[in-house]
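K.L.:
The lines below spell out each chain.
Protein chains: 2
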Amino acid sequence: MKAVGLVVEYNPFHNGHLYHLKEAKAQTESDVAVAVMSGSFLQRGEPAIVSKWARTKMALMSGVDIVVELPYAFAVQKAETFAKGAVSILNELGCRSLLFGSEHGDIQAFTTTAAYTMKHEETLNQEVKKQISMGLSYPAAMAKAFQAVAEGERMLDLSKPNNILGFHYVKTIICERFQMEPETVKRRSSDYHDSFLPKTSQIASATSIRKSLLEKESLRDSRCFLPEASADELNEYARIFGLWHSPEDYFPFLKYSLYMMDTDELSQIYEVEEGLEHRVKKAIRKAGSFLEYMELLKTKRYTWTRLQRMNTHILTKTTKVDIRRILGERRPPYLRLLGMTKKGQAYLADKKKSLSVPLITKIGSFSHPSLRLDIKAGQVYSAPLKEPEQTMLTEQEYSLSPIRYDEDSRTFLRK
Amino acid sequence: MKAVGLVVEYNPFHNGHLYHLKEAKAQTESDVAVAVMSGSFLQRGEPAIVSKWARTKMALMSGVDIVVELPYAFAVQKAETFAKGAVSILNELGCRSLLFGSEHGDIQAFTTTAAYTMKHEETLNQEVKKQISMGLSYPAAMAKAFQAVAEGERMLDLSKPNNILGFHYVKTIICERFQMEPETVKRRSSDYHDSFLPKTSQIASATSIRKSLLEKESLRDSRCFLPEASADELNEYARIFGLWHSPEDYFPFLKYSLYMMDTDELSQIYEVEEGLEHRVKKAIRKAGSFLEYMELLKTKRYTWTRLQRMNTHILTKTTKVDIRRILGERRPPYLRLLGMTKKGQAYLADKKKSLSVPLITKIGSFSHPSLRLDIKAGQVYSAPLKEPEQTMLTEQEYSLSPIRYDEDSRTFLRK
Chain A
1 MKAVGLVVEY NPFHNGHLYH LKEAKAQTES DVAVAVMSGS FLQRGEPAIV SKWARTKMAL
61 MSGVDIVVEL PYAFAVQKAE TFAKGAVSIL NELGCRSLLF GSEHGDIQAF TTTAAYTMKH
121 EETLNQEVKK QISMGLSYPA AMAKAFQAVA EGERMLDLSK PNNILGFHYV KTIICERFQM
181 EPETVKRRSS DYHDSFLPKT SQIASATSIR KSLLEKESLR DSRCFLPEAS ADELNEYARI
241 FGLWHSPEDY FPFLKYSLYM MDTDELSQIY EVEEGLEHRV KKAIRKAGSF LEYMELLKTK
301 RYTWTRLQRM NTHILTKTTK VDIRRILGER RPPYLRLLGM TKKGQAYLAD KKKSLSVPLI
361 TKIGSFSHPS LRLDIKAGQV YSAPLKEPEQ TMLTEQEYSL SPIRYDEDSR TFLRK
Chain B
1 MKAVGLVVEY NPFHNGHLYH LKEAKAQTES DVAVAVMSGS FLQRGEPAIV SKWARTKMAL
61 MSGVDIVVEL PYAFAVQKAE TFAKGAVSIL NELGCRSLLF GSEHGDIQAF TTTAAYTMKH
121 EETLNQEVKK QISMGLSYPA AMAKAFQAVA EGERMLDLSK PNNILGFHYV KTIICERFQM
181 EPETVKRRSS DYHDSFLPKT SQIASATSIR KSLLEKESLR DSRCFLPEAS ADELNEYARI
241 FGLWHSPEDY FPFLKYSLYM MDTDELSQIY EVEEGLEHRV KKAIRKAGSF LEYMELLKTK
301 RYTWTRLQRM NTHILTKTTK VDIRRILGER RPPYLRLLGM TKKGQAYLAD KKKSLSVPLI
361 TKIGSFSHPS LRLDIKAGQV YSAPLKEPEQ TMLTEQEYSL SPIRYDEDSR TFLRK
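Line order of the protein sequences matches chains A and B.
Taking the UniProt record's numbering, I'd label the letters of the first sequence as residues 1 to 415.
Taking the UniProt record's numbering, I'd label the letters of the second sequence as residues 1 to 415.
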């Protein structure tokens with residue numbers, strides 16, 4: 001069986017994802033779609049709007065065959081590390097092609113640009129450092145350096161978020177010499193950052209859908225941008241757990257956490273760099289909400305997402321040492337299976353023997369610093385819930401086996 | 001001017017406290033009443049029902065002239081340490097008498113018993129150890145050891161909570177050779193632990209008053225047990241801050257805290273002894289409320305209050321090292337003034353020069369590990385509040401000067 005890999009967050013799974021998924025299977029003529037998905041917290045540092053289990057269900061009902069978790073240590077990261085972690089996991093699972101959405105839409109530009117940057121790495125790095133020292137954020141410095149170095153060449157626009165991610169996917173494939181064919185589809189939705197739902201399309205950005213869900217506390221306006229399975233699952237989640245997760249929900253815990261840490265401790269947290277600990281301590285005393293806190297915190301030097309990731313690392317008490325230890329390894333530490341269809345199960349049965357890292361179906365005796373971090377992230381994720389929902393959600397981390405979906409009868413199988 | 005010292009928590013200030021206060025001034029013929037009061041968290045490990053500022057106001061309106069804070073490091077402690085801290089502060093402030101309420105009511109028994117235990121300390125300690133090794137809690141072992149050693153003698157009943165505290169006040173005075181005359185009045189209320197409001201008296205236990213306040217979320221049933229000033233202040237507090245504090249309010253933060261700490265870190269927390277860290281980690285995963293958690297935690301070996309104090313130390317991340325450093329000093333580290341009447345102010349002006357430790361009226365440049373701990377306790381204390389009340393209460397720690405009360409015009413003076 002041939003498998004195509006997808007790097008996803010499904011926050012939540014919407015029509016654009018469905019389009020992407022169908023294209024992936026069709027374009028690459030694959031039998032199986034494997035998605036590597038961020039868990040409780042996402043690449044931009046936000047909590048997922050619903051749990052990884054709910055998002056896994058949405059994916060399986062919509063045609064994904066296997067969902068594995070991208071560990072926290074790779075997920076809540078800048079594009080480069082995120083891409084490396086995700087693509088390595090897909091490679092480990094035997095995906096021979098990778099399909100990603102991008103603003104650009106032509107794979108040639110990605111391979112050319114990746115090759116070009118690898119060749120001129122030294123020059124580029126120097127230019128990036130120079131730009132950063134002039135006060136630019138990392139992504140802005142990267143885009144600028146790129147412009148300067150590759151002047152005249154027809155290169156990818158690296159100021160677009162999905163181009164950046166795709167670029168790093170392709171670069172990982174080349175660097176690691178993975179036997180994996182990258183493909184891209186042009187994103188049909190409006191801009192990634194668009195915060196308003198469109199009027200004339202059935203595809204909207206996940207950002208605008210989340211915004212509508214969290215502000216309206218209802219599916220009313222966003223239903224038409226979601227497959228029915230997603231809408232149902234979102235409703236079910238709110239019914240059981242009483243909320244959809246938003247960064248504001250975590251503010252009391254962030255505040256408590258910051259009160260309890262002195263600047264020394266704080267400076268050991270991952271992504272707390274260059275005296276940010278003082279800025280953070282100062283901001284938290286004045287802020288009455290997460291938004292106020294972020295407004296007090298932000299500078300030209302750091303992007304919003306960079307600071308949001310830092311906050312999540314503060315919440316989960318993830319230190320520089322923790323991350324260094326996990327990222328130091330060459331391979332992904334394990335494959336944590338969140339869910340599969342019958343076809344996915346058959347595919348896995350076939351691949352099982354050739355895996356070079358453990359496939360985890362349930363947290364039992366297996367222990368690893370990265371897995372402990374995932375569990376901790378899950379515990380933080382459930383913190384804003386009321387009881388007994390809080391305990392229920394936290395315990396799913398230990399008790400839930402991978403979700404099995406029978407795509408023929410369209411039912412979930414329960415052990 | 002002659003000053004009588006009182007060791008108080010005023011949680012909240014009720015008719016029994018008023019009686020005690022009047023007796024104190026009358027019996028000792030003092031001009032001034034000085035109260036040393038626990039701050040955000042109390043001897044039994046609970047959060048105070050309202051802030052130290054609100055409780056200071058109640059005290060001043062009811063006839064106390066000076067309120068100083070008993071630092072957290074002494075307040076959230078077993079009777080012995082609590083007593084030592086409190087009495088040392090009163091001595092420092094020049095109180096020549098100390099009046100405390102007790103179940104026994106006759107000071108002779110306290111001095112006799114204190115002298116007896118000091119003489120037979122070695123034998124008693126051995127007996128206490130023996131009883132503890134047989135599975136008794138510290139207070140129970142103490143009472144039992146006492147019975148065994150002092151057989152036949154007419155001694156104080158050390159199974160009563162206020163007798164225990166009084167015993168330690170008297171012992172401190174003797175040990176430290178303070179020039180301070182201890183006096184006791186028999187408590188007029190029913191038992192300290194009584195959880196029901198009485199029908200035929202205007203004096204009820206603070207426990208029963210708190211229970212009624214927190215359960216009914218109203219002053220309805222407890223108003224007749226409180227001076228008007230207390231009732232008004234309680235109402236005002238709920239109006240401004242939206243709640244009266246109860247241990248349950250802190251459960252989400254306790255849970256989050258425990259999730260974030262591994263057993264190693266946990267074992268460094270003060271009062272986490274003898275493998276309690278494992279018991280705690282196990283209990284927190286199952287508990288849906290503070291009460292459930294405590295039920296899972298409790299054993300014959302530890303009293304409820306001992307465990308409650310431990311939880312508060314977990315919440316405030318107070319380590320064994322923190323406490324050792326603070327308690328290592330001989331004198332109270334500072335005197336933090338919370339409030340005073342005009343008469344209290346005159347008294348302090350007179351005493352100021354002879355103080356051997358700093359008198360703190362506002363948190364500015366003064367820094368001390370114990371004060372930092374008090375500030376941290378204040379931050380934890382405000383954690384369950386909504387915004388902007390949370391920020392408001394936390395900032396009172398820095399911004400509020402001591403409360404000044406004009407006892408003649410019955411008004412608070414604001415700078």
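Among the clues, some could well be false.
Any copy will do: because identical chains look the same in the list, a pair fits if it lies in one copy or spans two.
[Unchecked claim] Derived DSSO-like pairs (lysine-lysine); straight-line CA-CA distance at most 30 Å:
(1) K320 to K160
(2) K386 to K286
(3) K160 to K216
(4) K386 to K211
(5) K281 to K320
(6) K211 to K362
(7) K84 to K129
These are computed hints drawn from the structure, not numbers from a lab.
K.L.:
Does each hint hold? Answer for all of them.
P.N.:
Structure-based check of all given hints:
1. K320 to K160: within (28 Å within a copy, 51 Å between copies)
2. K386 to K286: Close inside one copy (27 Å) and across copies (14 Å); limit 30 Å.
3. K160 to K216: Within one copy only: 29 Å inside, 57 Å across.
4. K386 to K211: Both: 23 Å inside a copy, 23 Å across copies.
5. K281 to K320: both (19 Å within a copy, 25 Å between copies)
6. K211 to K362: Neither: 33 Å inside a copy, 44 Å across copies.
7. K84 to K129: Answer is within: at 22 Å inside a copy they meet the 30 Å cutoff, but 59 Å across does not.
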